[in-house]
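Please arrange chain F with the ligands on chain A, whose structure you already have, making use of the hints.
Chains as they are written, first to last, in the numbering used here: chain A, 1 to 258; chain F, 1 to 504.
Treat the hints loosely; a few may be bogus.
As the list claims (entries may be wrong) - In silico lysine-lysine, DSBU-like type, Cα no more than 30 Å apart, as pairs:
hint, chain 1, residue 1, chain 2, residue 2
1, F, K320, A, K124
2, F, K134, A, K149
3, F, K419, F, K134
4, A, K148, A, K173
5, A, K149, F, K419
6, F, K320, A, K148
7, F, K320, A, K149
8, F, K363, F, K434
9, A, K149, A, K87
10, A, K124, F, K133
11, A, K127, F, K193
12, A, K87, A, K142
13, A, K127, F, K419
14, A, K87, F, K133
15, F, K193, A, K87
16, A, K148, F, K133
17, F, K419, A, K148
18, A, K124, A, K190
19, F, K419, A, K124
Keep in mind that the hints were calculated from the coordinates and are not lab data. Please read these numbers as outputs of a predicted model, since none were measured by experiment.
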Amino acid sequence: MAQASAQKVEKNEAGEVAIQLLGVNKWYGEFHVLRDINLSVDRGERIVICGPSGSGKSTLIRCINRLEEHQSGQIIVDGNELTNDLKRIDEVRREVGMVFQHFNLFPHLTVLENCTLAPIWVRKMSKADAEAAAMKYLTRVKIPEQAKKYPGQLSGGQQQRVAIARSLCMNPKIMLFDEPTSALDPEMIKEVLEVMVDLAQSGMTMLCVTHEMGFARQVANRVIFMDQGQIIEQNSPVEFFNNPKSERTKLFLSQILH
Amino acid sequence: MTDVPSPQGWVRTEDAPRLPAPPNTTGPVGWMLTNLFSSPMNSVLTILGASFVIWIAWGVIDWALIRGVFTGEDREACVAVPDSGACWPYVWAKFHQFVYGFYPFDQRWRVNICFIVGAVALATMAMPSLPYKKWNALFLLVVYPLMTFVLLTGGNLNLSSSTIYFVTGVLLFSSLVVPLAAFGIEDGIRRNKPALVLAGIAVAIWLVSIFVSMPEIAAFGGYISIATLASLVLLTAAAFFSIGHRASTRDIAARSALLGWVGAVSAIIAVLVLVTADFGLVQVETQQWGGLLVTLVVAVTGIVAALPLGILLALGRRSKMVVVRLFSIVFIEVWRGVPLITVLFMASIMLPLFMPEGVNFDKLLRALVGTALFSAAYMAETVRGGLQAIPRGQYEAAQALGLSYWRMMNLIVLPQALKIVIPGIVNAFISLFKDTTLVLIIGLFDLLGIINASFSDPKWVSPQTGTTGYFVAALMFWVFCFAMSRYSLFMERRLATGHKRRGI
Ligand SMILES: Nc1ncnc2c1ncn2[C@@H]1O[C@H](COP(=O)(O)OP(=O)(O)OP(=O)(O)O)[C@@H](O)[C@H]1O
Ligand SMILES: [Mg+2]
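Pulled out of the complex, with its shape left as it was, chain F reads as follows:
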C-alpha cells in the first residue's frame, strides 16, 4: 500500500487486494449456517423437521426393506414370518399384470414396442438441445398415435363401405368449400364455376337417389348404387377442376390454403388405409387391456387432446363472434360443472341408451372421449388466464404490423400466454393423470384397479398384500407425476432466460 499523502487529499495508486470471503459464508457449512441455523427459531424448526423426516423415512425403510420379505412362491412366504413387512414376492409375481392387465401373454411385445418408442420419442422431444423438433413433434402427434392404435388393437378395422363412401364424399366436397373460404365466397364462386356446376349435379343425383331406388353394381369388392358412383365421379371431376385452378394461382394465401387441404386429405386417406389394413396382427379387445397400459393410454390421450382443444376453447371464449363465444362458454361451463365420475358414468351407461340399435362404441374409446373433453374444459380456463395476462399493446402491435388473427395468436400471444401458465398446465396434466383411476367405476382396470383386483387372488392373500400393493401403486403414480413436475420447472427456468421484462 503506497498511498501518496498530499495536503489536499490522496490518490490510490494501486488496486486494493481481493480478500477471501469471511469464513463460514461459503461451502456446505456456510450454506447450512445461512439457510438452516440462521436464528434460534430457525435452528429449532430445522431440528424438528429433520427428526420428522427421519422418523417417516425410517418407518418406510424398516417396513419395506428390513422387515420386508423378498423371496417366495406364494402367500406362505409372507404369512410364515411373524411381524413381517412388505410382501415383495407378490409384486414380482403380479408385476406383469400391473403393467399389461390381461393383454395376451404372447402379444405383450406389441405393448413393449409402444412403451419404448413412446419413451424415446418423448425424451428426445423433451431435451431442448436435440435438433429436428418439428419432425419429432410430427412423429409424436401423428405417426405415434396411429402406430399405437394399430399395434395395441391389431388394426384391420372393418369400416362399412357406406362409411368409406361417405368420407370420400365429404373430402371431395371440402375441396370445393376450401377455395371459397380462401378467396371469400363471391370471388371463390366467380373463379370456380365449372367445379361448382359439377358438384351441384353430383349433389342433385345423390339427393334423387335417396327417394328413387337405383340399380347397384359390383365395385370395390362390394355393391355400390349407380347414383353414389356417379356423384363420386362428378365430385372427383369437380375437385380436379377446383384444385387445378387453385394450383395455378399466384395468390400465396390461396396456395397455402390449398396445400393445407391437400395435406389434410392425404392424412385422412392415409389414416383410413392404415387402420383398415391387415398387418397380420391378432386382434386384442380393449377389455383385455389393463394396468399401467390403460392408465397411460387414458392419461396421454387426455393430455394430448386437452391442450389444443383447451386453447381453441379459450380463444373461442374471448372471440368477438357471439356464436363462437357462446358455444365455448356453454361447453366449458357444462363440462366443468359435472364431476368426472359422472362424465364417465354417462359415457358408459347412458350413452348406449341413446345410440341406435347396433351402433356400439368401444367402452375404452368412450372413456377416452369423456376424459379428453372434460380436461379440455379445465385446460381452457387455465389458458384463458394466460391470455388475460398479455397486455393489449401486444395485440395492437401485431395487428398494426398486418398479422392475421391466427398468426397473431400463434406467433405473439400464445407463446407468451402459455409460458405464463406452464405451472397451471402441468398441474392439470398431473391431476388428469391421477384422475384416470376413476375409470375403475366403469369397469376398466387401470393401474390402481388391477392392483385392487389382485388382492382377491387366494394364492397371495396375506396381511401385507394390500399395503404392499397400494405402496407400489403410489410409488408408480408418484414417479410419473414427479417427472412431469420437474420437467415443468426445468422448462420454466429455460424459457425465462434472456427476456425478463424490466420495469416497463
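One chain only, chain A, in its complex shape:
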C-alpha cells in the first residue's frame, strides 16, 4: 500500500529536483562543520539522515531553510538559490516546513492560533479559511479536540503532532525534521512516527534526521550517513542496513542496533 502510492507520486514528478546542494562548506569560526556536501533530492523523495552526535546533521538541514548560513557552495531549494537575498529566503521558507526536536510551539497562543498564524500573516489567508485548514490538519494528526488548548497543557507527543500540523498548514512542498522524536517518551514516539509515515505515504518530499531505524526501513528511499561534517555513505535502506560499505557506517550501525 505504502509502496504503491509512493511509486505513483514518483512517476508523476519524477526527475524534478526539489533540493540541490553543490559543494557546500560551512564553518563555525575555525571549526569546519560541513565539508563539501553534495546532495540532490528529488520531489517526493524521502531521505533519512543519520550519524553520530556532532556530525553536522542538524547544521545541514538547517542550512536548507537558511536558519544557518553556508559560506561556500550552492544550495538551491525549489528553484531558488539561497544567498543573502531576503526575498529568496522568504520564498524558500514559505515552501519548506520544519519540525524541531523541542517542538518550539508558541506558548502564548492556542494550538489553533499556532496553526493559523503563518497562513494568515504569510500566506494572507482569511481567518476562516486558515482555521478550516488548521482543523483539517489537526484532524489528520489526530488531535482536533485539543485546538482550544495552550501548548503547555499538552503531552510531548501531542505537542510534536501540533508542530507537524502547524508546518503542514503552510502547505509546504518540502518538510524538514530534526530529530522529531528524540525528546519524547517511548510511548509517544509511536504516535508521532505514525503521523510521519502517513505524511510520507501522501508523497511529501521529506528530509528527516532521526535514529528511528524502523522508520527509515519503512518509508525512506535513501539513507544518508554523515560523520565529521561529510556524507560518508548513501544507499537504499535495505542495502544500507544489510550491507554497509564503509567501516565507520558499520561501527555506527553496530552501536545503534546493538
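Chain F with the ligands alone, transformed into the frame defined by chain A:
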C-alpha cells in the same frame, strides 16, 4: 459499610463517605491558625507586627482626624487650637491650586475635560472584558493626545509658511521613497521612472532656487517663491504617478506599504490642520500650568513615549546591523549614565544656548522630551531583559514559518517578552511618575512644587501647614502608584492563565 469478607481479601462495595475537613483548618479562624499562629515564633512575630501597624495607624488617625482642624477661613483656625493636628482648611482652600496650578480660573473646564475623558478612556482600556480594544487604543494614543494638546494650550499654533512647505515637500518626497523601500531599490526604480524623473526636476529647481533668487507670488495667504511652488507641483505630480502605479499593483506587501504611507501622510496632515486651527479657545501659556496637571502631563507623556521607544532601542541593541546596534548602545548608555536632574537642567539651561537666535522651544516641551528619552533608555534595558529570556527556538520556529522580522517580533517574541517584564515595566513607570517631581528645579511647578510654593502664603502659615501639605502630596502620589502596581499584578495573573509551561 458492608465490606464482604473473603478468604483471599475483600472488595469495597460502597464508596467511603466524604468527611468534613478537620476543625480549625478552614474559615477565617483556620486561616489565622495556619498563616499567623502556626508556631510560637510566628505568633510572636504576628503580635509584634500587628502592634507596630496599630501604633503607626493610630498616630496618623490621631493627627489627621482626632486632633485635625476641619473648618476655618485662614491660619487663625489652625493656630488657635493648642496642640492641633492636620490643618485641613488650608488644603480645602488650596486644593484647586494643587490640581491646576495657575491655570486661569475660568478655563479650568478644559483641564477637567482632559482629566475625565482620559480617565474614562484609560479605564475602558484597562478592563479586559470590554470590546473595541483597537479603537480604544487608537483613541488613547492618537486622538486623545491631540485633543489634550489643543484643549490645554488653546491650539491655534502659528506655523511659519516655510515650515508648512517643508513638511509638504517631505511628505511628497516620501511618496517616492516608500515604493523604493517596498520593492527594493532596483525594482522600485524600474517601475517608477516617470515619477522619479519629475521628482528629480523638482529637486533640481529647488536647488537652483537656493542660489538664484526667484520672483515671489502671493499664494496661500502669504508669499511663495515660484521655485518652491513649481517644485511642489512637480512633486505632487510625481507622487500621483507613483501612488497610482502602486495602487494598481497586486503585490500585497507593496499595497500594505502604500496603505501605511497614505495613512501616515493623512495623519500628519490632520495633525497639522488640527494644531493650527482656531477653535476660539483662549491661549494658555505653559508657565501657567501647574500641580497635578503638570505631574500627569509629564508622567503620561514619558510613560507613553518610553515604551515604544524603549522597545525599538532594545531591538536595536540586539540587531545584527552594526550601525543600528551601535546607535542604540550609545544612546542607551549616554542617557542612562546621566542623572535625570542633569538631563532636565541641560534641557532648560544649556539647550537654549546652542539654539539659533529666535528659536525658542517651550520649557515644558523640553522637559517632556528630556524625561521621555531618559525613561526610554531605562525601558530599553528592561525590555532587553525580557527579549533575552525568549528561547532561540521561538525565533527559529517563526523564521522557519516564513515570518518577516517585524512580524516575528510583533506576533511571537514581544508578546512573550513583554509579559515576562511587566513587573519591570511598571516599576519603571512608577519611578518615572515620582521622578516628575524633579521638574521643580527647572522652574516648573508639579504637584509637589506647587504644594511647596503654597507654604509661603502668609495667609496660611501655621506649624501644621507643611506637614499637612506633604501628607496630601504623599497621599496623592501613593494613590496613583498603588493603582499602577495593583493593575500590573492583575494583568500578570490574567496573562498567566492557561499557558504555564510544563517542564519542557
Ligand atoms: N552555533 C554554533 N557555534 C559553534 N559550533 C556549533 C554551533 N552549532 C553547532 N556547533 C558544532 O557543530 C557541530 C555539528 O553540530 P550539529 O548540531 O549539526 O550536530 P548533529 O549532528 O545535529 O548532532 P546531534 O545528533 O547531537 O544533534 C558540533 O560539533 C557542534 O558542537
Ligand atoms: Mg542535531
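Outcome of the hint check:
Distance check on the hinted pair: K320/F and K124/A sit about 28 Å apart at the alpha-carbon level, within 30 Å; holds. Annotation: proposed proximity of K134/F to K149/A holds, straight-line Cα distance about 25 Å (limit 30 Å). Between K419/F and K134/F, the direct Cα distance comes to roughly 19 Å. Compliance with the 30 Å bound is thereby established for this hinted pair. Taking the CA atoms of K148/A and K173/A, the gap is about 27 Å. The hint holds against a cut of 30 Å.
Proximity of K149/A to K419/F is assessed by CA-CA distance (about 19 Å); at most 30 Å being required, the pair is judged to hold. For the suggested pair K320/F and K148/A, the alpha carbons sit about 36 Å apart, so the restraint of at most 30 Å is broken. Taking the CA atoms of K320/F and K149/A, the gap is about 35 Å. The hint is violated against a cut of 30 Å. A threshold of 30 Å between alpha carbons decides the hint, and for K363/F with K434/F the separation of about 20 Å falls inside it, so the pair holds.
Distance hint between K149/A and K87/A is unfulfilled; the C-alpha atoms sit about 34 Å from each other, more than 30 Å. Between the alpha carbons of K124/A and K133/F the distance comes to roughly 23 Å, so the proposed pair stays at or under 30 Å and holds. Taking the CA atoms of K127/A and K193/F, the gap is about 38 Å. The hint is violated against a cut of 30 Å. In summary, the hint linking K87/A to K142/A is not supported, as the alpha carbons are separated by about 35 Å, beyond the 30 Å threshold.
For the given pair, K127/A sits about 25 Å from K419/F by alpha-carbon distance, which is consistent with the 30 Å threshold. Restraint check for K87/A and K133/F: not satisfied, since their Cα atoms lie roughly 34 Å apart, outside the 30 Å limit. Under the criterion of a C-alpha separation no larger than 30 Å, the hint pairing K193/F with K87/A is consistent with the structure, at around 23 Å. Our distance criterion of 30 Å between C-alpha atoms is met by K148/A and K133/F, whose separation comes to about 22 Å.
Simply put, K419/F and K148/A have alpha-carbon atoms about 21 Å apart, close enough for the 30 Å limit, and the pair holds. For the suggested pair K124/A and K190/A, the alpha carbons sit about 34 Å apart, so the restraint of at most 30 Å is broken. At roughly 27 Å between alpha-carbon atoms, K419/F and K124/A fall within 30 Å of each other, so this suggested pair holds.
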